[in-house]
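Protein sequence lines correspond, in order, to chains A and B. All residue numbers for the first sequence refer to this note's numbering, where the first residue is 1 and numbers rise by one. All residue numbers for the second sequence refer to this note's numbering, where the first residue is 1001 and numbers rise by one.
Among the hints, erroneous ones may be present.
[Unchecked claim] These stretches of chain B come out as covered by chain A in the derived footprint (C-beta under 8 angstroms, 3 or more residues): (1) 1205 to 1212; (2) 1249 to 1260; (3) 1263 to 1272; (4) 1282 to 1292; (5) 1394 to 1401; (6) 1443 to 1453.
Calculated directly from the structure, the hints in this document are not laboratory data. We put the CB at the ideal spot given by N, CA and C, even for glycine.
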Amino acid sequence: MTFVAKPKAHHPRLPLNEIGLTRRDYEGSVSTLCAGCGHDSVSAAIVQACAELSIPPHRFAKVSGIGCSSKTPSYFLNKSHGFNSVHGRMPSVITGANLANRDLHCIGVSGDGDSASIGMGQFAHIVRRRINMLYIVDNNGTYGLTKGQFSATSDKGSTSKKGAPNLYEPIDLASMALQIGASFVARSFSGDKSQLVPLLKAALHHKGMAFIDVVSPCVAFNNHDGSTKSYEYIRKYGQNVVNADFIAEHEEITADYQPGTVEDINMPDGTILRMYKLDENYDPHDRVGALNYVQRRKEQGEIVTGLLYVDPDAIDCHDILRTVAQPLNEMGELELCPGNSALASINESYR
Amino acid sequence: MGVSYNDFVIRFANVNGSGSASANGMFAKALFRMGIPVATRNIFPSNIQGLPTWYEVRVNERGYLGRRDGVDIMVAMNAETLVEDVASIKPGGYLLYDNSKPLAKILRRDDIIEIGMPISTMLLPEFVDAKQRSLFKNITYLGALSALLNIDFEVITGMVATQYKGKDALIAPNIHALELGRKYAYEYMVAPLPIQVKRSDKVGHRIMVDGNTAAGLGCVYGGATVCAWYPITPSTSVAEAFELHANRLRIESGTEERKFAIIQAEDELAAIGVVIGAAWNGARSFTATSGPGLSLMSEFLGLAYFAEIPAVLWDIQRAGPSTGMPTRTQQSDVMAAAYASHGDTKHPLLFPATAKECFDFAALALDLADRLQTPIIVLSDLELGMNDNLSEPFEWDDNRKYDRGKVLNAQDLDNTEVFGRYLDVDGDGIGYRTYPGTHPEKGAFFTRGTSRDEFAAYTESPEAYEHNMQRLLRKWHTASTLVPAAEISQQDNSQQGNKVGILYFGTTALPMPEALDLLVEEGIQLDTCRLRSFPFGEEVRTFMESHELVFVVEQNRDGQMRKLLINEGEYNPQDLISITYYAGLSISAEFIKGEVLEYYQANKKLPRLTQVQS
Ligand SMILES: Cc1ncc(C[n+]2csc(CCOP(=O)(O)OP(=O)(O)O)c2C)c(N)n1
Ligand code: SF4
Ligand SMILES: [Mg+2]
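In isolation and in its complexed conformation, chain A is listed as follows (with noise of 0.2 angstroms):
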């Protein structure tokens, strides 16, 4: 079954992409999150990159889990379903609507309470079993839902709107994907869209786990001094290694780049991941070397961003199973019921 959306008739100045849709067809509902709040500038960005890749607005399935962060998928992509689940759990129902329809693009957003608290089993498993997705970890070091508590990303140290530290260590989401077998592995900032989008759309294209995690402060309950989660830490100490861009063709080099820094990689559907590299010594494709570098560099109080780690040509977890290319769920009992007559050496097996 495909379908070739229609064109409406739009505003315009909004530019149409090779779709005829414009930006505005994949948006969501109307954000219920406070004004400020990263976790919109996410949604924002993941409607400009899926608008940007020309994929039909109806052809995602968006799961969360609980959460400001996990509200989100309603404000985006209002063509396709999306599950808002329980705490902690869309690792594993992303993995059940990606074993039943591989053709989906699966993005799943969560919180750093979601993911590195409640949930760290289930995102450390499916990160493990490398389901084709987006994974999407709105930062805030903080629960915005249930009003500022530290999360388990919260920096030691860092204090509480009313001043308290934390004393406890934090989690990198990024450091444990990269170990434990994501084939894509990111951070960037909800503030800079032009590093995020890129890498949004890199990410979508990228044949397995895509896990980007995303410093997305939280105005109401850690966006103060003290946290090291604002939007000015982030601004201060935010250092990009890799940026990624995502063309359709092989074009011209055009910005002002050192030779040698500037990788362009061939992806499995044909298009094309182009990285700059803003530290030369960097290798996105080392994944030891990226730990090492991540965890360096946070000794020195600086977030690394950018692409961090990419193989292009991953495996995933169909790969793995050696399913069917046929999405599971469009068969029916002509393709899974074997019938009456296996039956007749089934029940001799039993004799």
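With chain A's structure known, arrange chain B with the ligands on it following the hints.
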């Protein structure tokens, strides 16, 4: 003393991991192939190697398949349990043991017959390798039993040949060990014993299989494509059976690719999450677990109930609470399953009693889940799931279509004016759903565990919330008309008015025919109701209301099914008499008879048959 045929209980006492399972299994299979009804039970420890394990076979010409107390023949191959093994033999029964070491004096009983056989000593010159020797011990006693009980030797040797097909080198030594035992029995023992077997036709066309295998196979037939599970005894073999059969029956020819996906999840939360995600996206999916897993799945079950997503969950019950007795049977998850999760949540339950019913219910549960858009929990138990027992053969009607329930495709959506996911268009409480990605413009909606209106939009409106909750109740009523009806048998008896019934479900049905026969001998005739599902249908109400007294028999301490009946049916608790057995072995006919009889003796006014058949 006369010879009795096809009526005894034999128990094998072994050490876990000593390779006895295959020899013991061959014993049961041999009798089955001679046409004699057998019921097998594994009584095994929660341990991999070294602890005691028992295998019990009830042989019964009349086809009674329930567990029977008391052992007629004890094959005592575990020195550590000798004391209790000897004690469990019925007076007049037999003890077959390895007399390479003499039996301790204190173990001797003058009301049983000892049959000593120096198995270890006999095998010493035959097999050099110690491990082999220990394995062949089992085969040797099997050979002796064939002589003692008069089992067709060809049936056993034939089985050895099929069992070791491809490993031909093993056939000869196995046959040799069999013959050693057999010869010894003929030469040094009084073989055959007065307890014997003889060919029968009482098995008919039935097969011998365990319920979990049937469940896994039924999921293949029922069109499940996604299975997610986390290992837990006694449910593990459901997923394993699904995989085994799917690996043969669900491979696309040419590409050799699989038309199924199995995820061994990181825990039960993830397992049920995968199932719900897959079903939300239109694939039939299921999980299998036991009590502890059911507890973990609660939050997700509430989500699936409220967000109305199909899911199938097999709970192979074991003895709780907590880790309880992981390798013993019980029916103690009835309440936990019926009301799993917080808030006003309830789930349809199915109660299979035989392997055939496991097969049938597996496919039925997938249909019901799709039709009712809600989790269906199948409550089996260790007794049914892990023991080979007689069952009707599996059957499939090739004209049968999967009932995918109310799902709108793109064309339907084009022809639909208004789509509201939770609109009760048909008045049965069930809305229409769409799979993700169906239509470019129409039919997308947001699934959530929060309150929503008929168009799936979030709302905290008190009216909308109540409206939705009431619709779920209408759906619950619809469910009661779709789930399998109870099996009811009303005796045409001459008692006036004061009628007494007995109600049971699942594996409590196994000993019931025998229990009922035993009670008739006491002049007590009971109408029967075998529940097969929850919510209870009208037929259950009719049964309850047309009997003044109903015994509710179940395998848990608290009489959970009785409470569920009282809770849902608002029956007078005094009319429901609880009979519970929960010690972890399966309930026996003698036990049921004893409990009923006791009640009758305490309540002399209860009617009995005028003509007591003795
Ligand atoms: C089982 C369970 N426990 C607790 C909660 C309460 N709860 C809702 S959201 C949340 C934390 C969300 O934090 P995060 O994932 O970081 O999302 P944010 O709101 O910060 O975007 C908690 C604890 C819940 N919904 N479910
Ligand atoms: S509480 Fe924080 S995370 Fe939640 S919406 Fe407001 S700013 Fe965003
Ligand atoms: Mg947060």
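Within the assertion that chain A covers the stretch 1249 to 1260 of chain B, do at least three residues meet a Cβ-to-Cβ distance smaller than 8 angstroms? holds (count 9)
State whether the coverage of the stretch 1282 to 1292 of chain B by chain A holds or is violated, taking the criterion as 3 or more residues with Cβ-Cβ distances under 8 angstroms. Coverage by chain A holds here, the residue count being 3 at a Cβ distance below 8 angstroms.
Under 8 angstroms between beta-carbons, do enough residues of the stretch 1394 to 1401 of chain B, three at least, approach chain A for the coverage claim to hold? holds (count 7)
With a C-beta cutoff of 8 angstroms, work out whether three or more residues of the stretch 1263 to 1272 of chain B approach chain A closely enough for the coverage to hold. Coverage by chain A holds here, the residue count being 8 at a Cβ distance below 8 angstroms.
Are there three or more residues in the stretch 1205 to 1212 of chain B whose C-beta lies within less than 8 angstroms of some C-beta in chain A? Holds, because 3 residues of the stretch 1205 to 1212 of chain B bring their Cβ atoms closer than 8 angstroms to Cβ atoms of chain A.
Do three or more residues from the stretch 1443 to 1453 of chain B put their C-beta atoms closer than 8 angstroms to C-beta atoms of chain A? holds (count 7)
Violated hints are absent here; each numbered hint is respected by the structure.
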